[in-house]
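First to last, the protein sequences are chains Z and S.
Under my numbering, think of the first position of the first sequence as 31, with each following residue one higher.
Under my numbering, think of the first position of the second sequence as 30, with each following residue one higher.
No wet-lab data here; the hints were simulated from the structure.
Quick caveat: nothing in here was measured; it's all calculated off a predicted structure.
One thing to keep in mind: the hints can contain errors.
[Unchecked claim] So these bits of chain Z aren't anywhere near chain S, every CB distance computed over 12 Å:
# : residue
1 : K73
2 : I89
3 : A90
4 : A91
5 : L92
6 : L93
7 : V94
8 : G95
9 : I99
[Stated by the list, open to error] No farther apart than 27 Å at their CA atoms in a straight line, the calculated lysine-lysine pairs in the DSS-like style are these:
#  : chain 1 : residue 1 : chain 2 : residue 2
10 : S       : K86       : Z       : K72
11 : S       : K44       : Z       : K73
12 : S       : K60       : Z       : K72
13 : Z       : K38       : S       : K196
14 : S       : K178      : Z       : K73
15 : S       : K86       : S       : K60
16 : S       : K174      : Z       : K72
17 : Z       : K50       : S       : K143
18 : S       : K178      : Z       : K39
19 : S       : K196      : Z       : K50
20 : S       : K60       : Z       : K38
21 : Z       : K38       : S       : K158
22 : S       : K119      : Z       : K72
23 : Z       : K72       : S       : K49
24 : Z       : K38       : S       : K188
25 : S       : K174      : Z       : K38
26 : S       : K143      : Z       : K38
27 : S       : K119      : Z       : K73
Backbone N, C-alpha and C define an ideal beta-carbon position, used for all residues, glycine too.
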Amino acid sequence: MDHQDELKKISPLLYEWHQKRWSQKRLPSDSWFDNLHENTLKKIEPIEERGYLYYGMRIAALLVGVFLIHFFWNQKGSNKSDWEENLAAIQTEELATFIESNVQIPVLAWEEELIVEDLQTELFENLTEEEMEPFLSYALIQMNEIELYNILNSNL
Amino acid sequence: MKESDEHIIDLLLSKSYQNKGMSLLMERYSKILYPVINGITQNSADTYDVLQETYIKVFSKINNYSREASFFTWIYRIAVNEALQYLRKKKHDAQPFEKEIHQTAYEPGDSEDKIWRKLHQAIQQLPEKQQLVFTLRYFNEMDYKTMSKLLLITEGGLKASYHHALKKIENELINH
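Sequences and hints are given; from them, build the entire structure.
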């Protein structure tokens, strides 16, 4: 059965409305729809690109994160190794040289109870800020007090 | 129609042919969805925005489509949700409209805009299946055979739904 006949038979009111309304008020023009489709595609493209970019950035961030963790983990291990194996041989040697050439260490009555910290403090009091710079390095801060004691003691 | 839907879905799911899929999707459904959305927004410019948002949502959520319901049913739900959400965003209070359905019945002297609005308010009261069938048949004059393929419902079931929908709407408009 044709839609109009069906409608007329079931609901005369809606048939009447259908006649009145839809004959006068049609869908927008094809250009309206063309414009909609075109603009929607434009809107979707950036989403698609953003999607790739988003996932790309996430993967890149993950890789960078893994690399950094790996790097710092090794770096930490390597520092520790350097410290244990090389620092005494290299940095303490440099420190000793520095002390020997630049610092006039006052003659102290070296006593057993004198702790290295006191000596270190006294030593720093005689240094300018510039001279103090190497002492403030990470390596020195981490330096074992006994090693410092030995260096200073050997230079006294 | 069903095969075409499958084709469109496959294109949308393939990264390389998504734009082609979107073009086919919009070509197929824009004129069907227009009266559905326009009935809610009551405004062609708003309908434009909602249709666009509907397609963007379909595009971004295509992976969620389970293929259990018909594709059009799924799109229809998105379209109606988007339209209602759009109205909420615009701070249009839907409640007075709903009240109005129950408070004012159709009068022969009503303007076309008033009739249009009341008709769409009455449609919103129908169960979803009847809304779909009514929209496709009444606004788009779609034949039952095509509709059957689109909604995956038998022609007999569609005729019954349309009949019930017409009667309910008429009753809603005359008696309330």
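Margin query: When the structure is checked against the list of hints, which entries are broken? Sort them ascending.
Written below: 1, 14 and 16
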